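Spelled out from the first residue to the last, the chains are:
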Amino acid sequence: MKNSSVISRKQLKGSGRTYWRSLNEFAGTAEYEEMMKREFSAVATEAINDTTRRDFLRVMGASLALAGVGLTGCSWPREKIAPFANRPEGLSPGTPVQFATTMELHGYGTGLLATSYDGRPIKIDGNPKHPSSMGGASMLHQASVLNVYDIDRLKSYVDRSTGADTERDRNAFVNWVSNNRVFSGNFAVLCEASSSPTLQALRKRLGGRTKWFEYEPVSRDNEREAMQLVYGRACHPVFDLSSARVIASFDDDFLQNHPASVRYSKDFARARNLDRNAPPRLYSFESGLSVTGSNADHRRPLRSAEVGPALAALAAEIFTNKRHALPPQAGELANVLQGYAGVQLGEEVMGAIKLLASDLISLKGKGVVAVGPRQPAAVHILAALINEAMQNVGHTLRYVEDPVQSRPSHSSAISLLASEIENNGLTSLLIIGGNPVANAPADAGLLESLKKVENIVHLTSHANATSAVASWVVPRAEYLESWGDAYSWEGNYSIVQPLIEPLYNGMSPVDLLALCAGDERSSHDIVMDTFSTLSNGDEKSWRRALHDGTAASPSLLSHADTGSYTIGISILNTLATTPQDQGLELVFCQDNCILDGRFANNGWLQEAPDPVTKLTWDNAAVVSFADAKAAGVQDGDVVRVTLGSVSTELPVLVLPGQAMGSISLAMGYGQSGMGRIADGVGSDIFPLIGKDGLNFVAGGRLEKTGRRMDLASVQDHHAIDELGANERERRIPTLIREADYRYFAANPDFAQHVVHQPADTQLFVTPQFKGHKWGMSIDLNACTGCGACLVACVAENNIPVVGKQRVLEGRELHWIRVDRYFSGDVASPHSVHMPVACQQCENAPCEQVCPVAATVHSDEGLNDMVYNRCVGTRYCSNNCPYKVRRFNYFNYQKNISDTERLVKNPEVTVRSRGVMEKCTYCVQRIQNAKIKAKVSGRTLVDGEIRTACQQTCPSDAIVFGDLNMPEAEVSKRHADSRSYEILAELSNRTRTRYMARVRNLADGSPELAADMAMHAAHGGGHADSGHGVEDAATHGEDATHNEAEH
Amino acid sequence: MAKTITKPLSQLSTELDNTRDQIKQPTLVTGGKTFANVTEIVARVAEYPTAPRAWYIAFGGAVMLFGLLFAMLAYLISTGVGVWGVNTPVAWGFAIVNFVFWIGIGHAGTLISAILYLFRQKWRTGINRFAEAMTIFAVFAAGIFPLVHVGRIWVVYWIFPIPNQQQLWPQFRSPLLWDVFAITTYLLTSLLFWYMGMVPDLATFRDRAKTRLRKVMYGLFALGWRGSNRQWIHYEKAYLLLAALATPLVLSVHSVVSFDFATSQLPGWHTTIFPPYFVAGAIFGGFAMVVFLAVPARQLFGLRNLITLQHFEHMNKIILATGMIVGYAYAMEFFIAWYSGNPLETFTFFNRATGPYAWAYWIMVTCNVIIPQVFWFKKARTNLWIMWIVSIFVNIGMWFERFVIVVSSLSRDFLPSSWDYYVPTWVDLCTLAGSFGLFFFFFLLFCRYLPIVAIAEVKAILPEAHPGHGGGNAAAEAKA
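If you read the sequences in order, they're chains A and B. Counting in our numbering, the first sequence runs from 4 upward without gaps. Counting in our numbering, the second sequence runs from 20 upward without gaps.
One or more of the hints may lead you astray.
[To be verified] Covered stretches of chain B (chain A as the covering partner; in silico rule of three or more C-beta atoms under 8 Å from a C-beta of chain A):
| # | region |
| --- | --- |
| 1 | 101-113 |
| 2 | 173-187 |
| 3 | 193-199 |
| 4 | 372-384 |
| 5 | 429-435 |
In case anyone wonders, no lab produced these hints; they're calculated from the structure. Given the structure is predicted, the values throughout are model-derived calculations rather than measurements. Just so you know, even glycine gets a beta-carbon here, dropped at the ideal spot from N, CA and C.
From just these sequences and the hints, can you work out the full model?
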């Protein structure tokens, strides 16, 4: 605090009109301190000590009081952060304020809105004005707010320059840097991927001799390298999925594991809007089942090494078999492709390739061929060629220049740095973020090299293996605590705006680089300077950019010119088919929840189930059924995965759709020393990653260890028997109703005729809902299963983290879950996702059985849960057919530190032990909106209330609103022919309804045959099992079928 | 008198087969016992200076298990329901299984004392006191579980309709609330019935008491009973009325308990067969428990002439009959599951028989349906060892019946994504064992200190009490 007050005072003087960034910073002003001494003499002495939670809150409280009492005369607020909306006149404590900011991941930013409550950020959502998010946010964005309150964050500056670990303050570090002039000589920066132009500007200030490296274990540099070869500039493809009609993903998880996943999900869902026409057809060729693959119409599991040959086979199909003209740039490609015309990938794969080739040709300019970052440059080049030849460039995709043009690739960064140290006697190294010592290729020998560097400064949020070799470890300020900027994937400049002063007085990358460069300006001024340099904007446009979270300019150069490209034939020769007998392929993937481990200490993400495997709290060796059988292993068997001389042990998870011969291993687990959540969870797979196989490698071996481990999965808790599996398969079509587009076009109300529905006669008087009548619609055609809704709900509703043991016991507390089902062949299954939260039944079975009336119906039709009244008989849960009620088996609030409590949403009651809880349709948001409307004397408008899950949903699958409002989106959706209730035969009259999924299957594909067979079977195939599934034809004309008596 | 007895209690009576020659009026008390003998036989159990060694061993065990129950409940209440194996979707586990099991055990008592009384089944007199006591203690054991299984036991009184300033009432549509009424009514009526029946015998004990403490204690509870004609007239009337009052309860309690399941939506619970099926099962299990307790008790306490083989044979026949009803119910559930055409229901029952909990299902069928079939043979009905072992199996089977109903239905309900497998924790197992401790603790105390056979009623069925026997006043004398 002392230091920050020095800095902020300096800053206040320097910038004319005085601004303060946060209440905490304001607390550093002279006036404040004087007042504090006068008013709160006892507190004041504490207030300038280290920020503990208590002090933090007290300072908050005091400063708010002062703001009201002492500063009412000032023109207030006069801050540099312009609130996005809802700005109150003067600050009323307890009123949440939203600020636009940006979160950078893998070098690209996503525009977000952060909600701050009395000075503490509690919720992150997408920024509707920002093209990168358009209001949506991923689970990572949602959970990032918890990182601020992580109690295991590095809280002090650790000085190791003298040999021993000493905890020092910021001043000591600043003095050390300026006194020793460590960053003036021969030094390098090893930075996390970043597109920040401010960092680049500071890099320039550091001087020409500075070596700049970027490293993250997973990068998109193969694509960058390919684009450099093809277009001569480092650039990346940006798809317009909303206008694409056929999309082919070659190992690319663009809906989940991609810097633009939020935007892509939006566009993909929009393209699937059936008001316009058939949904786009998505093909996927990949080794491990990804979110994208699970949404594909046609997915073919392939080992990662076979994905390149598959793409080559596609090219051969297009240019050789179908004799499509090769572009002149591709010159002699025809010869290369000759070799691929007969490539052996199996009948099913080749069948899909043929269909895809026809689609791409017939839908020219409306296709997208996407290649994942795992694939080598040659595959990206080939994809670029196909996209050019199919005239997609300029229509469904454009190329945007990489913000940082001059830097070595991530894959070469570590060895270049090592040679820099060995050969050029590098004396100082600045490591910004990351943990390269642990996650750089194991055989690169980074640790040995680093030991030779005299001064290493590591900026990090948590102490880790890299900080163990640093001379100074600097606590990193989270993005919600720091100024910065970034480009989004599609090229928009956006500003990282802080909501609070760094809790532990940490530094942002901008702060640190500025310090090293001797730039005395505050990070705010530096970022503002970058903005005005790039955009020639004045302060007004800066404020506008801050307020909106985005600016029209500057944006990255985008070029869509066709023609000016070259295809290097020689590199394409490397696309040889890999021999089959090299042992198992190991695929190193980024974890869907904790990425490369950077979020490993985030409880929300550890407990968020992986969207595909549904696994929490662990990583596993994901293997196919065939490989599991061959190795004699099943779920939970601990295996030793060996590659050469290194091995790691982890449990097996057998997943349908995993490519045979390929094992997916998620990185980021097996941390030690990071924090109490991350440590000891899962196994570290980084030792397996070497220079020769950064993304995937052949030659792995799998051995049984004989030990077993329980896998904390939120679904399929136990291995299922045949009876259960058959029944599950039978039920899936009744729960998730789907049809091919052609069937849907002929039978638009097919979803109404799946399950026999008896007459809805009631013993009790049916209540009438005259006022509001809340309802929800979940469009399964849009839902990708990404899991953002789940984490958003956790953040909004103060849902505690229960831990691995409790998940194993089946006691997870998530109010909304995303059910994932497989059907069909285990080798290449059809997968579906279904978010399930409380269905808010009008005729709720839970209400009738509660002996104390703790769950009752509101007159707006909400199934209210009165926590105070609940005695915890759990009868309601037993009687809930959807099993969405969650019970507090223990007091999960007991061991939460004061700091962690700061993230709680004050609008939502924290539940104690022995109480049932469940989704409330975010009743706190409903009430707030109603109060607001009442105060301003108007009625609510549709869309004014958005539930947390709806707000974050990247694909807008969830719509909430008033069913008594005919023009409301939700009313329209409920009236849609695709809308149906699950388990409608129970006459619960659910308020949440689902919209049937409509696929677009290619003619002649096995999937289409299966779909047709399924719908045909409804005619008579179920005679002996009663009327579970009904004949669609018989009831085709029966419009009032739901009410019909049978 | 107690002083003169030197042989252990168990050797003071003889075994006589009174199950043959059923044409004549059956002899319900063997060994040619007189009124005085009957009083002597029953009273000496409580008056004998030391109980049989087996009693001490059993009581020691019961105290330890009872203590275990306290420890488990303390752990449960201090930590949370999470110490049990319950989860989502199986939110009810051992606690509710044990509850239904014990309530079921309690059934035989009321049936014997009320329904058999109304039907003038005289053989009931030998075992009714015993069975009623068993009922009371079984309901004690049962009553604990619904209370402790809730998440917040400190507010569990909200379940009772207690007037309060917030005017918050329980929710009368909930079967759990009906349970509260049904069980408290049942407990009160049973207690009253048991106690009232015991008053004349307590008076006998009082009159025979040698020590001041016994005099005072038995005297206090004998309520000044003198055995006057007027008292007997009132007593008989009241007993008849209570019997009439208790009779519907035999049917109602377990029907209401079955409503907990039958009124829900869950396949496997939601079925109209439950009320009769539960009642039959309860009588089945209850009689098995009576046999289980009576066989050793009559040996230990020298009651062979009062609780005779004929009594056992009657009970075994009831076990056979109710076991068949239960077996029929199992079969009918399957038939309806198929006949209803409801695929969810069909699956639930196939899942019971062949799914992950098939082991529990087949234990249930074996114990409840197959093993009692031995009672078709008279030899089995009248062999103490066979019937005792069968009674154990029936009790195991009936416990598993409730386990199958509660757990297997919940573990695989509507949405396959929620399916899970319930595994009890050590706390669950210890709590179950502890509930037996509670039951036996009270039951063994009862055996030692209270008239375990209804002396007055047994005398009434002695030949001497028959008007034709010559001593028309004998019955009245006997009761005095």
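Outcome of the hint check:
1. 101-113: holds (count 9)
2. 173-187: holds (count 5)
3. 193-199: Answer holds; 5 residues pass the 8 Å Cβ test.
4. 372-384: With 3 residues closer than 8 Å to chain A, the region 372-384 of chain B meets the three-residue bar; holds.
5. 429-435: holds (count 6)
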